[in-house]
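J.: One letter stands for each residue in the lines below.
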Amino acid sequence: MTLDKLTKNRTATITHIRQNSIAPKLVEMGLYPGKRVTLLFKAPMGDPIALDIDGYTLSLRKEEASFVEVD
Amino acid sequence: MKVALVGNPNSGKTSVFNQLTGLNQKVGNYPGITVDKKIGRLNGDKNISVLDLPGSYSIYPKSADEEVVTRVLTDRNNPNYPDLVVVIADISNLERNLLLFSQIHDLGLPTILALNMIDVAKRRSLEIDIDKLSELFRTQIVRLNARKGIGIKELKEKIRSFEFNGSLEPILEGEFDRNELLTIPPKTVQREFAEKRNRRVSQMVRFALRQHGEDIFSRNHRRVDKIMTHPVSGYLIFLGILFLMFQAIYAWAEWPMDLIDNVFLGLSRGVKQTLPAGVFTNLIAEGLIPGVGGVVIFIPQIALLFTFIFLMEETGYMARVVFIMDRLMRPFGLNGRSVVPLISGVACAIPAIMATRTIDNWKERMITIMVTPLMSCSARLPVYTLLIALIIPDMTVGVFNLKGLVLLGLYLAGLVAALLVAMIFKFMVKAKHKSFLIMELPLYKMPRWENLLVTVLEKVKVFVWEAGKVIVAISIILWVLASYGPVDRIDEAVNRIPKPVNELDISGYENKVAAARLSNSYIGIIGNAIEPVLRPLGYNWQIGIALITSFAAREVFVGSMATIYSVGENFQEGESLLKRMQNERNPNTGELVYNLASGVSLMIFYAFAMQCMSTLAIVLRETKSWKWPFIQMIYMTTLAYVAALITFQILK
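The listed protein sequences correspond, in order, to chains A and B.
As numbered in this note's numbering, residues 15 to 85 make up the first sequence, in order.
As numbered in this note's numbering, residues 22 to 673 make up the second sequence, in order.
Heads up, some of the hints might be wrong.
[Stated by the list, open to error] DSSO-like cross-link-like pairs, simulated, lysine-lysine; straight-line CA separation at most 27 Å: (1) A:Lys-76 to B:Lys-208; (2) B:Lys-293 to B:Lys-490; (3) A:Lys-56 to B:Lys-247; (4) B:Lys-247 to A:Lys-22; (5) A:Lys-56 to B:Lys-455; (6) B:Lys-482 to B:Lys-58; (7) B:Lys-451 to A:Lys-76; (8) A:Lys-56 to A:Lys-22; (9) B:Lys-47 to B:Lys-174; (10) B:Lys-384 to A:Lys-56; (11) B:Lys-482 to B:Lys-23; (12) B:Lys-453 to B:Lys-384; (13) B:Lys-143 to A:Lys-49.
Hints were generated in silico from the structure; no laboratory data involved.
Okay, chain A solo, but in the shape it has when bound:
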């Protein structure tokens, strides 16, 4: 599944980043295969979302999260 489908307080491991113009940005912000992320909370209306990556909080839109495959 993709990261935008992750439900609150669930943790998943990134398996792949789909090729896209913002893929390098995602990787530079710490989203790369092997990393474990937890969905912390969502903005009102469910978008954007906030993730925990090694103790820091990253927010991104659902559209961007949909490029990140998780397991």
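Position chain B against the provided structure of chain A, taking the given hints into account.
T.: For chain B alone, kept in the frame of chain A given last:
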């Protein structure tokens, strides 16, 4: 020696810069880009310059800020190319911060790594083996708590005594060729290297970093986040802060603004009394001093707005605002960060447009700049007040006062127009970078008050020196046009006025002379000439003149009307001017000039028209191009004209 400070946003880089340079800093420009260049001298060492580069996550740029960093660090011929790079890294978020460090190291630049926020690391139960880290990353390391000034002395010492011992082995092989100028590789390659680099850095960090026990600190911050981003409490808190901010710029700025106004009026009068009468004295007293006053008057509002924005940015709250507003603003081609400039536009568009710096997407920033002046600013209020008093009857609609409803309607018209125009620009402006929101939500922090002072001073300086020049120049031009005209024309008109017979008539005579002078000046002539264009809107030539004079600033409309109708200077109370305008009839048809149709049409015109040269000057400064203020002026004037035309023709 040239030192550059580099680091991720929120790494505390600004604090380090302020601590290293004190108030010894200057704001300049990078050629052809809208990012400010901050440079200073190392405290106590005149030979070492310190350049504060904008926050960046990677050497491959994704925003205008990051482009600056890349240009400076990758081109040996760049005048700012540093001899030493001090990389500031947030120790509590080491892996992501060290990605940038490793890129800079691998480019072959001499580095010192400054690990900031050692206090936060302690509270998060993180333990770091500095010697190990230094060995692994092949660099000197300083531990800092820049907010408290801890470690700054050591960092200064390390900078002073720095010696580069040749090219160091790269952390990741194969990405950069140190002998050649860096060319930005395609995205697929960038991403491939970023993945490799992340893995490598992650492995190395694991050797030096240990977590003891639970991270209660982050958990507490996230509890606060749940309140701040909650669908009910989140918006309520934001609304409360906006209200406070609005109150500050709208009400608290009033008395310092009145004070500035009075000081400059006094100066003008003083100059007129002390210097010998003549053209030169008039130029100073009526052109130059009011022009400078027109710049200084904005300082209180700029200072107050930037205090709020600084507090929101420094505490980390701004990122939460973006988080909860992003989805709402997206359909309009705007960004979560557009909210603060738009709302501040209700007080004054000038600080609001300066505040768009925080929008890192170029397209969304341009759209925000273009539509912010449509929000009804405080300078429109005197115009609205006069016109509402003139044409809106005192009656109630349900429990509401009609006058109040009309005023509210004008504010809403501004907001709706801003959003609709933004949607149009969304399709017209070409984007350089795709719109995205991939943003860190930093930990909440107490603001540092020394930084507040530096930031606000910097904003005020930029406004006064950069926009001020244009404003003063246009003020003087407008003054010349309003004071001079074809010589015989003014003289003839003045001579036609009957001379005063007794003392009592003198002030009435002087008012009439002032009116005759203005209507026969170059501006008066232009006002008369454009009357045919304004007639379909329901305006006469007197309004034409007031429209042109109020290009300097909207509120001048009231003063100009008073001069034209020669009702003297007590227009502030509105009484005599109001009566005079109420009785004004069209000489050809005998109809009242200021009726519901023409009055509403005039209010609509003022709601949408770009009647503010200071705004245009700041747009010029912020976009660094004549194109944007020009487009803005044309579209707003057209919108105002068409909307006023439709209004008049419907209500007529």
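J.: Are the hints correct? Go through all of them and say.
T.: For each hint, the structure was consulted:
no.: 1; hint: A:Lys-76 to B:Lys-208; result: holds (21 Å)
no.: 2; hint: B:Lys-293 to B:Lys-490; result: holds (24 Å)
no.: 3; hint: A:Lys-56 to B:Lys-247; result: holds (9 Å)
no.: 4; hint: B:Lys-247 to A:Lys-22; result: holds (12 Å)
no.: 5; hint: A:Lys-56 to B:Lys-455; result: holds (23 Å)
no.: 6; hint: B:Lys-482 to B:Lys-58; result: holds (14 Å)
no.: 7; hint: B:Lys-451 to A:Lys-76; result: holds (23 Å)
no.: 8; hint: A:Lys-56 to A:Lys-22; result: holds (8 Å)
no.: 9; hint: B:Lys-47 to B:Lys-174; result: holds (22 Å)
no.: 10; hint: B:Lys-384 to A:Lys-56; result: holds (26 Å)
no.: 11; hint: B:Lys-482 to B:Lys-23; result: holds (25 Å)
no.: 12; hint: B:Lys-453 to B:Lys-384; result: holds (7 Å)
no.: 13; hint: B:Lys-143 to A:Lys-49; result: holds (24 Å)
This entry satisfies every hint, going by the numbered hints stated previously.
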